[in-house]
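**Student:** Spelled out from the first residue to the last, the chains are:
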Amino acid sequence: MTAFPSPLVGYLLVAAVLFAIGLAGALVRRNAIIVLIGIELMLNSANLNLIAFWRFGPHPEALTGMMFAILSIAVAAAEAAVGLGLIISIYRHTNTAELDKINRLKG
Amino acid sequence: MNAVFYLLAAITIAGGLAAILLKHLIHAALAVTVAFGGIALLFLQLDAQFVGFAQFLVYIGAVAILIVFAILLTHGAELPREGVFSKSWITALIIAAGVFAVTGWAVLQSVDAVPQRNTVPAVSVHDIGNALVGRYVLPLEIVGLLLTAATIGAVIVAMLEKERSR
Amino acid sequence: MAANLDRVFILLRDWLIGFLPAAIRPAAGVVLGVIAIVCVFPGLFALTTVFERKGLGRMQNRIGPNRVGPFGLFQPVADGIKALIKEDIVPVTADAVVHFLAPLTLVIAVFMEFAVLPMGRNMALVDMGSGLLFFFAMSASTELSVFMAGWSSRNKYSMLGAMRAIAQMISYEIVLVLSSVTVVMIAGSLSLPKIVDAQNHYTGVFPHWYIFTPWGFAACLMFAVAATAETNRSPFDLPEGESELVAGYHTEYSGFKFALFFLGEYLAMFSVSGLGATLFLGGWSAPFSFLAFIPSWFWFFSKVMLSIFVFIWVRGTLPRLRQDQLMNFAWKFALPFTLLDLLVTALWHFLGAGWQRWVFCTVILVAAYVLMGLGQERHKRIGHRTYRYAD
Amino acid sequence: MQEILLTAGPSPSDVLRYLASHPVPSAIARNLWLIPAVPIVASGIVALLKQPRRKPAAALAIGSLSISLLLSIVAFAHVVAGWAHASVVREVVNFTWLHFGSSTVDLGWVLDPLAAIMLVMVSFVGLLIFIYSTGYMAHDENYTRFFCFLSLFAGAMLGVVISNSTLLLFMCWEIVGLTSYLLIGFWYQKPAAAAAARKAFVTTRVGDIFFFLGIVWLFSQTGTLLLYNHGVGSLEGLVLANLLSQHAGLGLSAAGAIGLLIFAGAVGKSGQLPLHVWLPDAMEGPTPVSALIHAATMVAAGVFLVARVYPLMHAGAAPGGTTTSLTVVTWIGTATAVFAALIAVAQNDIKRILAYSTVSQLGYMMAGLGLGGVAVGMFHLITHAFFKALLFLGAGSVIHGCHDEQDIRRMGGLRVDMPLTFATYAIGMLALSGFPLLAGFWSKDGILEAAHRSGTIKGPFYLLIFAALLTAFYMTRQVCYVFFGYWRGHGTAHESPRVMTMPLAILAVFAALLGFIGTPAWPWFQSFLENRTAAIDFRVLIEPSVGLLMLASSLVVFVGLALGWRLYGNKSPKPEAPDALEQAAPWLWAPLRDRLYVDEFYRATFIALFGWLARVADWFDRRIWGKIVSLVAWLVGQWAKLNRALDVYGVDGSFDKTCEELSNGGGLLARIQDGRVQDYLRILAVAVIALAGILIWSSRP
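Protein chains in written order, with my numbering: chain A, 1 to 107; chain B, 1 to 166; chain C, 1 to 391; chain D, 1 to 701.
Treat the hints as calculated values from the structure; they're not laboratory data.
Owing to the predicted nature of the structure, the values given are computational and were not obtained by experimental measurement.
Honestly, I wouldn't trust all of these hints.
Below 27 Å or equal to it, Euclidean Cα-Cα: the simulated DSS-like pairs (lysine-lysine) are [to be verified]:
1) D:627 <-> D:641
2) C:156 <-> B:23
3) A:101 <-> B:87
4) C:54 <-> C:82
5) D:190 <-> D:50
6) C:54 <-> C:86
7) C:332 <-> D:55
8) B:87 <-> B:23
9) C:86 <-> C:156
10) D:50 <-> C:332
11) D:657 <-> D:641
12) B:23 <-> A:101
Turn these sequences into a full structure, and let the hints steer you where they fit.
**Tutor:** So this is what it looks like as structure tokens:
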């Protein structure tokens, strides 16, 4: 059944695809919330990488990858909360959540 | 590497794709929830029970709810008149494809270098707890601090307007 | 004999899967367990509905259902048939797919919760190391279903009901989790069977249930309140407050989908009761050591039914809260109190055996309860209701 | 067992027997930590209260100290019972706080007669003073802050008393110092109070540095921070013997030298010569603070500390003999006793007199420790705590009644206006003077007797007798000024409220009667501390060495009282008029009034030295560095002028052109920076691709 040289490669490829999807979402969509969703997807794919390396790595009992993933989930939750708070705040200011209309930082 | 993996990978990727392609924001949010769930199941598939359930709890229980709330609060549930994609979506897609190409190529190139170990790690929740308050206690504390700061920050950012208008 | 009676369900399962080839036996065992859960709890649901209606009737000086079958016992059958043959109405503007998925995901998630509950000695379907986390992960996923139901209906009552429900569930979920963490801290495990084992000791004839400790009692109280809010039961049933919101997030559901919501709500009640019994009331262990000969599953289901009765009793007794009272209670009383209880639990652990820890923990908790209660009363947030015209 | 521990060098078999017979501490010993913990927790809670919440703050402070008092009494009763049954009298509970490398930092607490007596004294006197404070501070706006500090102080002081680890002792010691600072400067709006607080803090810090050096030395020599640890603590057995065998120079053993360093800490805290200058100034704080901290407990902590490490200093002494370090303690104590008593004669501030009296009595205690051992010094500490607290509270009552007047020349005749205060104050004053049969008589007599008995040198004995005479004299002077004659102040004096006089009455009872637990005929107190059996033996009283000495000291006291009455009794001089003693002996009066010029001496030496250093630095700054800086500045200025000329005439033309070019280029760059987040993200992603490409390309085989 094995199509990949190693099971790890399968997980890594899934993570890569997911990362690309997240990046594409963050780049092509105009709504800030979808951009945030894309960023969450990228974070998740990174977590998948961490866990996969933990599982197939030489020292799973050291728990390094797992700890990274747990802490990263926590940080991602904080990031989501702050990001969405910012979006809501920006929406109140500009009455839009479309990113290409929010260009006050223009140089 | 078995059927379950392929199924889960398919669900996850489909969820992710749907999340960025669906026009309706709420649908996108629900689709991304599917992707989150798929990743949680992939974690379970990787024998990381604790992380998997944590993923469920945090992402489906909290982040997804947060996202839909944000959508409703920004009136995102109504479709915008001009399209949902930005004008230069082609360049964006090319860039994303480029990133995928680079990462995928890197993965496939290093097949020989990746570890081949394939026994189930004997790690219990107890070990995770011990590691969290033992060797990794400093990161844990820092994350705790960060979460506190983020919570307060989010509240302040979202509340400021109301205060001013009073 | 008693031991066999205790293990009767396990023996039954082993006997049944004995007919199958050895290769698929573990899978078949799991499937049998799932079938058992899927059969037993909806049955219990049917019984509970009639029990609740009769009980409420008595509390309100009525008789309750008494037409269908002896003592009205077949009422749920009639209700079920009615739900099945009713027309399934979907509003024209509704988001059909989401509208369809919402009740399904809800019921599935709730059913999953039962997988980790130890319903008797060795009777947890799955004994996983992080069972409690699994339980909360599943119960957290129901919130999204509620949102899906409310949003997809395109009805402002549904939407408001869903928003209220989510706000309430998120607020009280924190209290629910934190009050359970006290038990985890003392038992030293997230696995529910292990938590029951930790309580299955006796001093004399009295059991070591966690409710009989100061912190455990406080946590159990908070757990009970949070569980009531989490399952949207009265007096926390604002999301479906019929006087304001028609029926809340399932206003636009009818027929079998409505029945699924109804089922999901009761199943959530069963599961959270089961969790409460497991965490604080010693799970399947007997209340006195000399009663240990009675099968363990009997005790588990007795405790679940007891807390269901308390749910019904509370529903028949207390009036509904106002939204701001609900939120204030969660964030200004329940959460700080539970956090304090966490600290007290740690204190309990570090003070070691002896009388001091009883005195300390009790004094701190009672003092905090009284002081915070006074503070709340003073701010008139959850104080007595005042009526402008009804006096 | 106590004997074995106090005198150096028990054999290992003794140690083993001790370990085998008493391995597990009793319940009260295990919970001894509660005694300091409860007031500290209460202080934390009070700190969170808002200022107007007066009642809860006072109730919390008083309630917590009551709990401590109850527990202290239980502990005391437990130790007394153990002593009476001749079983264990010292229980220790130790635990490891930190590991670093191979060594550990251990903390722990000890319950022995010394600690038990101090616990009861501190919590009892403290409780009375807390109650008194509710009346005294009733109108202060920072009422809750006061009780917060007071509770913290009580907790830390109780911590000092029970700690069995030098580190824990030092930590509590420093908290005590901190609260002392905070409370002296409680009315920080007054510049004098702020200065006094600073002075107290800095002066005691000088002693504390030596104390810390002593701790570090002890730790480095013994490898343990624990004082008692079943035979392997630093005050016990082989460890002490080992310390004794090392020489530290100047004829001192390591034990003696460490003891002296720790004694230096006690000198700072207890206001001994030459670090006594802060204590009289500390009277700027509220009077209950003066009573609690600067009379009864904190300053006595120094004496307690010396008593606690007494084995270190006493180690190696021949039976009945003494050691170099103890001789130092004796002489410093004696000198302080006389010196401060002399100054007290010529002061006019009611609290300042008491402050110098405190310094003098602390000198007495130190001398008692040096001459007669722990029991003698501690007995005077305990009795002194009661009558000096009484005197301070009485003084507070007087000040309260006279509308915050502190000058004794502007009082008078209060005998009639404040009868209760007068009665209790008189008892306290007589007890302090050593009037026969009152508390101070017995404890002071014990010290004199010890001084008389210690064979080699007689100097301390005569000096201490002289100090006793002076004590009686200046106290009589003060009482005559305040309570006799006629009223010379402004307004009318009034008696203080019940909540203030009630503690006075209780303390007066103790000041009068407490001495009877330690008379030569029935030395219960001394026996308890030294773990002997107490026997009643009235024959001791008629022994010439004891009986005659008692007669002599009584005589001295009467002489002092009579002299004081002769000079000041019922005279009520005008506030502006010179003092009676000044008229009699102006050459003596002036230096005494100016506190023997110690402050001036410090100002002329140490402070002047630092001032001179500061001025030298200032001069360097101005003259040398300042000139260099100006020179550099001038050079730079010239250079700038040159540049400007070049700029204006040479560069500008071409530069303008370049600027235009740059601005055009900037416009191009600005287009990239279009304010759209996604575009930035795009650039980032492209950069990632480029980076990955470079990495892969550069690492190709």
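**Student:** State for each hint whether it applies.
**Tutor:** Results for each hint:
In summary, the hint linking residue 627 (chain D) to residue 641 (chain D) is supported, as the alpha carbons are separated by about 21 Å, within the 27 Å threshold. Distance check on the hinted pair: residue 156 (chain C) and residue 23 (chain B) sit about 22 Å apart at the alpha-carbon level, within 27 Å; holds. In summary, the hint linking residue 101 (chain A) to residue 87 (chain B) is supported, as the alpha carbons are separated by about 12 Å, within the 27 Å threshold. About 20 Å separates the Cα atoms of residue 54 (chain C) and residue 82 (chain C), which keeps this hinted pair within 27 Å; it holds.
Of the pairs offered as hints, the one joining residue 190 (chain D) and residue 50 (chain D) holds, with about 23 Å between alpha carbons and a cut-off of 27 Å not exceeded. A distance of roughly 25 Å separates the Cα atoms of residue 54 (chain C) and residue 86 (chain C); the hinted pair therefore holds under the 27 Å criterion. Distance restraint check for residue 332 (chain C) and residue 55 (chain D): the Cα-Cα separation of roughly 25 Å lies within the 27 Å cut-off, and the hinted pair is therefore satisfied. The hinted pair formed by residue 87 (chain B) and residue 23 (chain B) meets the criterion: a straight-line CA distance of about 15 Å does not exceed 27 Å.
For the suggested pair residue 86 (chain C) and residue 156 (chain C), the alpha carbons sit about 24 Å apart, so the restraint of at most 27 Å is met. Restraint check for residue 50 (chain D) and residue 332 (chain C): the C-alpha separation of about 20 Å stays at or below 27 Å, so the hint holds. Of the pairs offered as hints, the one joining residue 657 (chain D) and residue 641 (chain D) holds, with about 24 Å between alpha carbons and a cut-off of 27 Å not exceeded. Proximity of residue 23 (chain B) to residue 101 (chain A) is assessed by CA-CA distance (about 18 Å); at most 27 Å being required, the pair is judged to hold.
Going down the numbered hints, you'll see the structure goes against none, and every one checks out.
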